[in-house]
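Colleague: Each chain is listed here by its residues.
Number of protein chains: 6
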Amino acid sequence: MSERLTHLDENGKAVMVEVGEKAATGRIAVARGEVRMKESTLQLIMSGEAAKGDVWAVARIAGIMAAKKTSDLIPLCHPLLLTSVSVEFTPCPGQGRVEIEARVRVTGQTGVEMEALTAVAAAGLAIYDMCKAVDREMVVGEIRLMEKRGGKSGTFIREE
Amino acid sequence: MSERLTHLDENGKAVMVEVGEKAATGRIAVARGEVRMKESTLQLIMSGEAAKGDVWAVARIAGIMAAKKTSDLIPLCHPLLLTSVSVEFTPCPGQGRVEIEARVRVTGQTGVEMEALTAVAAAGLAIYDMCKAVDREMVVGEIRLMEKRGGKSGTFIREE
Amino acid sequence: MSERLTHLDENGKAVMVEVGEKAATGRIAVARGEVRMKESTLQLIMSGEAAKGDVWAVARIAGIMAAKKTSDLIPLCHPLLLTSVSVEFTPCPGQGRVEIEARVRVTGQTGVEMEALTAVAAAGLAIYDMCKAVDREMVVGEIRLMEKRGGKSGTFIREE
Amino acid sequence: MSERLTHLDENGKAVMVEVGEKAATGRIAVARGEVRMKESTLQLIMSGEAAKGDVWAVARIAGIMAAKKTSDLIPLCHPLLLTSVSVEFTPCPGQGRVEIEARVRVTGQTGVEMEALTAVAAAGLAIYDMCKAVDREMVVGEIRLMEKRGGKSGTFIREE
Amino acid sequence: MSERLTHLDENGKAVMVEVGEKAATGRIAVARGEVRMKESTLQLIMSGEAAKGDVWAVARIAGIMAAKKTSDLIPLCHPLLLTSVSVEFTPCPGQGRVEIEARVRVTGQTGVEMEALTAVAAAGLAIYDMCKAVDREMVVGEIRLMEKRGGKSGTFIREE
Amino acid sequence: MSERLTHLDENGKAVMVEVGEKAATGRIAVARGEVRMKESTLQLIMSGEAAKGDVWAVARIAGIMAAKKTSDLIPLCHPLLLTSVSVEFTPCPGQGRVEIEARVRVTGQTGVEMEALTAVAAAGLAIYDMCKAVDREMVVGEIRLMEKRGGKSGTFIREE
Chain A
40 MSERLTHLDE
50 NGKAVMVEVG
60 EKAATGRIAV
70 ARGEVRMKES
80 TLQLIMSGEA
90 AKGDVWAVAR
100 IAGIMAAKKT
110 SDLIPLCHPL
120 LLTSVSVEFT
130 PCPGQGRVEI
140 EARVRVTGQT
150 GVEMEALTAV
160 AAAGLAIYDM
170 CKAVDREMVV
180 GEIRLMEKRG
190 GKSGTFIREE
Chain B
40 MSERLTHLDE
50 NGKAVMVEVG
60 EKAATGRIAV
70 ARGEVRMKES
80 TLQLIMSGEA
90 AKGDVWAVAR
100 IAGIMAAKKT
110 SDLIPLCHPL
120 LLTSVSVEFT
130 PCPGQGRVEI
140 EARVRVTGQT
150 GVEMEALTAV
160 AAAGLAIYDM
170 CKAVDREMVV
180 GEIRLMEKRG
190 GKSGTFIREE
Chain C
40 MSERLTHLDE
50 NGKAVMVEVG
60 EKAATGRIAV
70 ARGEVRMKES
80 TLQLIMSGEA
90 AKGDVWAVAR
100 IAGIMAAKKT
110 SDLIPLCHPL
120 LLTSVSVEFT
130 PCPGQGRVEI
140 EARVRVTGQT
150 GVEMEALTAV
160 AAAGLAIYDM
170 CKAVDREMVV
180 GEIRLMEKRG
190 GKSGTFIREE
Chain D
40 MSERLTHLDE
50 NGKAVMVEVG
60 EKAATGRIAV
70 ARGEVRMKES
80 TLQLIMSGEA
90 AKGDVWAVAR
100 IAGIMAAKKT
110 SDLIPLCHPL
120 LLTSVSVEFT
130 PCPGQGRVEI
140 EARVRVTGQT
150 GVEMEALTAV
160 AAAGLAIYDM
170 CKAVDREMVV
180 GEIRLMEKRG
190 GKSGTFIREE
Chain E
40 MSERLTHLDE
50 NGKAVMVEVG
60 EKAATGRIAV
70 ARGEVRMKES
80 TLQLIMSGEA
90 AKGDVWAVAR
100 IAGIMAAKKT
110 SDLIPLCHPL
120 LLTSVSVEFT
130 PCPGQGRVEI
140 EARVRVTGQT
150 GVEMEALTAV
160 AAAGLAIYDM
170 CKAVDREMVV
180 GEIRLMEKRG
190 GKSGTFIREE
Chain F
40 MSERLTHLDE
50 NGKAVMVEVG
60 EKAATGRIAV
70 ARGEVRMKES
80 TLQLIMSGEA
90 AKGDVWAVAR
100 IAGIMAAKKT
110 SDLIPLCHPL
120 LLTSVSVEFT
130 PCPGQGRVEI
140 EARVRVTGQT
150 GVEMEALTAV
160 AAAGLAIYDM
170 CKAVDREMVV
180 GEIRLMEKRG
190 GKSGTFIREE
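Chains as they are written, first to last, in the numbering used here: chain A, 40 to 199; chain B, 40 to 199; chain C, 40 to 199; chain D, 40 to 199; chain E, 40 to 199; chain F, 40 to 199.
To be clear, the hints were calculated from the coordinates, so they are not data collected in a lab.
The hints are all genuine.
Since the list gives no way to pick one copy over another, a pair counts as held whenever it fits inside one copy or between any two copies.
With a straight-line cut-off of 20 Å between C-alpha atoms, the simulated SDA-like cross-links for lysine to any residue are:
id, residue 1, residue 2
1, Lys77, Thr45
2, Lys108, Thr149
3, Lys91, Asp48
4, Lys77, Arg136
5, Lys108, Glu127
6, Lys77, Glu176
7, Lys61, Lys191
8, Lys91, Thr129
9, Lys108, Ser123
10, Lys52, Glu138
11, Lys91, Phe128
12, Lys61, Asp48
13, Lys108, Val56
14, Lys77, Ile196
15, Lys52, Glu140
16, Lys52, Ala172
17, Lys108, Val69
18, Lys61, Thr194
19, Lys77, Arg43
20, Lys191, Ala172
21, Lys61, Thr45
22, Lys61, Gly189
23, Lys77, Gln134
24, Lys52, Cys131
25, Lys52, Ala90
26, Lys77, Pro132
27, Lys91, Arg43
28, Lys77, Glu181
Sequences and hints are given; from them, build the entire structure.
Modeller: Below is the structure:
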């Protein structure tokens with residue numbers, strides 16, 4: 040791995056680094072995160088009308104659309120033509136927790152880690168938004184890269 | 040607090056709820072989060088050229104600009120005319136951790152919790168982006184509301 | 040009603056007209072439209088997994104989010120702080136048709152007709168997008184203002 | 040053609056489907072729509088200062104810029120590097136109607152139907168916006184795909 | 040006037056400063072700038088089809104729409120509900136120069152200088168874009184505030 | 040060079056011109072501009088806390104992010120996948136002037152002149168914004184293309 044911050048030049052100044060020399064290869068990134076909430080909040084979104092309703096769809100769309108906006112949100116990210124984005128939720132009843140996983144692909148010159156992480160963050164924040172009237176103490180967290188394939192640095196699989 | 044999800048109607052359908060009847064009051068929200076990283080990564084951004092460089096400024100701007108985009112990112116959020124946004128970082132040497140705090144104000148009909156949380160998330164993701172070439176195992180997390188004032192539901196202070 | 044185009048000055052030049060003198064009043068607009076499709080396409084989205092799935096939620100979110108972007112899409116529209124947006128769908132089996140209705144509110148100096156119409160158009164286009172692999176001949180149409188309340192010009196109810 | 044909705048997975052969940060395996064080919068899409076209005080409204084925009092003014096240019100720019108924003112408006116659309124967009128208007132005096140045609144090209148892995156349809160819708164809404172002070176009963180409609188070339192599904196020409 | 044940079048805190052850190060205490064007053068700002076070009080380029084846009092065409096309308100719309108995006112472009116700008124924006128061009132034949140003037144109004148807690156300046160810059164860049172195939176040496180310049188009214192700091196008129 | 044405006048069709052109508060036939064080649068553009076200010080304003084941003092603070096970083100990020108938004112700001116610009124963007128400032132003490140230089144690269148079918156010019160303009164406007172409380176008479180100007188390489192029209196170097 041690199042030993043310096045590639046997004047800063049030798050004087051510490053921010054730069055959107057040149058990637059034009061890199062090969063355009065198939066790349067994939069998988070990120071995960073979670074929303075921790077009161078068990079009663081989790082029960083509320085898993086039961087009754089809410090369960091059949093739009094909660095998960097709203098959060099999923101938030102994640103997918105945010106992935107497409109990543110280069111507009113993260114100042115030094117390169118724009119990319121994402122070829123796929125998916126976001127999945129796993130409610131963990133009894134643990135007051137919803138797991139979020141985003142999977143993003145591209146054929147391009149830079150990886151899509153930031154896009155996957157951004158999708159997870161936005162999906163988590165959207166869940167927070169929909170539940171905040173009943174639970175202000177939720178925590179969106181553990182947003183991390185699980186897997187990354189393609190590009191010069193090769194495959195990364197997070198060990199947990 | 041409410042006992043149902045206010046962002047879904049009685050059939051579970053998503054709606055951007057009417058807030059026109061609410062009073063426009065001064066509101067503030069404070070959110071926090073963190074980026075956990077290898078101690079060596081933290082040292083890298085706290086020393087040499089990086090320390091005097093743009094890392095914190097880039098992350099701060101990412102947070103401030105993301106706060107202004109919240110209603111474009113979170114599907115059911117209302118647009119708001121934020122009157123101030125600030126984002127601060129506290130590196131915790133020895134703990135491999137950077138704490139992030141965002142503070143947002145508005146005079147309006149809804150609160151700014153989502154804006155503060157979004158600022159923290161974007162700032163954390165921007166730090167991840169700048170450091171990812173040296174550390175792929177960072178975690179952005181503990182994104183949570185610390186304080187909220189104003190509006191009908193009154194003051195909330197998180198106990199920790 | 041006016042007898043000239045208010046968005047052009049006396050020389051025919053486009054202008055975002057001054058509304059600062061207008062009173063900020065409660066305003067509402069309701070717009071409708073439809074997507075016409077093969078009956079078999081309609082059946083597909085009303086049955087099986089699709090029916091329980093995200094089709095309507097995706098289209099609803101597309102409409103709600105587009106309403107918030109109206110001033111970014113329609114060059115001479117004023118930015119507004121929408122206080123509510125809702126979008127509803129009525130599938131009409133036997134007629135190969137889905138009706139769309141959007142309802143938007145604001146307290147402001149201009150009306151929200153364009154926001155309601157934009158929500159309907161985006162929701163219709165999103166339905167088209169999701170169904171286009173099975174039916175390329177769908178038509179998005181009949182996008183029109185049904186009702187408008189508030190502001191100097193008063194109440195308008197479309198007669199049909 | 041497909042017999043299922045490609046934008047939903049087997050559980051009915053929304054996904055931005057993988058197109059990375061598709062060949063990047065030259066693609067074109069042509070869409071049409073119309074704005075129906077009072078004959079007097081049409082006369083107003085076809086005569087005097089308005090005729091020499093910015094009405095058509097504003098609507099054309101609205102359409103071109105909206106085509107570029109399609110993946111930001113339609114939740115499951117892929118971002119694309121459009122290589123051309125044009126929008127034309129044909130006023131039909133005596134019929135109280137303006138026809139709109141948009142033509143979009145790309146070299147890419149997915150088609151540009153949605154971009155062409157979105158351009159037509161935005162152009163129609165912009166006309167509505169500029170004329171709404173004199174005519175609230177206009178209808179934006181008949182938004183449909185006329186032609187599509189390129190990609191695996193080949194050529195489509197709408198029969199009318 | 041202030042003697043320190045209000046957009047930095049006491050430690051030099053960027054902040055979107057609190058304006059919630061300020062009165063919401065009527066405000067106006069007028070900015071000007073110019074595009075300098077070869078006389079032959081100016082003649083080209085003032086004659087033939089171009090003169091009757093969309094050049095000025097495209098640049099005007101670019102300016103108006105950019106004014107609405109100011110808080111998304113300038114990191115520490117507050118979002119504002121602009122109540123009017125107009126952009127005018129004065130070609131100066133014989134001088135190879137087009138003058139641009141933008142006028143923006145708001146009722147709000149901060150001024151609209153940045154919005155007027157941004158409108159001028161975007162309009163100038165749009166002219167550059169349309170003419171660059173015939174003239175690469177154009178210069179967009181002299182972007183400056185001419186007039187400002189409203190708010191605590193009162194009236195400013197540039198002396199020239 | 041061309042002898043007509045390529046962004047208008049034969050009837051003077053705006054069009055985003057087809058570039059699909061052009062080869063995707065490596066391209067670079069360098070643009071410059073300046074902010075002229077009172078010498079005391081320049082001293083203020085070059086001394087004390089401001090000098091060590093975020094001023095340059097904020098302006099740099101404004102420029103980099105604006106380059107990525109160019110096709111959203113300039114109506115007839117093509118979207119492009121920029122492969123690098125850098126923005127540098129040279130304060131000129133004694134002259135009350137800051138020079139700005141932006142450098143943008145892409146591998147694509149159109150050049151990146153507009154992206155480099157837009158980065159300079161946004162960076163200049165951001166400096167104006169941060170200093171406007173102490174100096175309202177600043178001028179952002181001399182925004183011009185210095186160098187352009189790649190593409191059919193070949194290399195351009197501005198002579199000064």
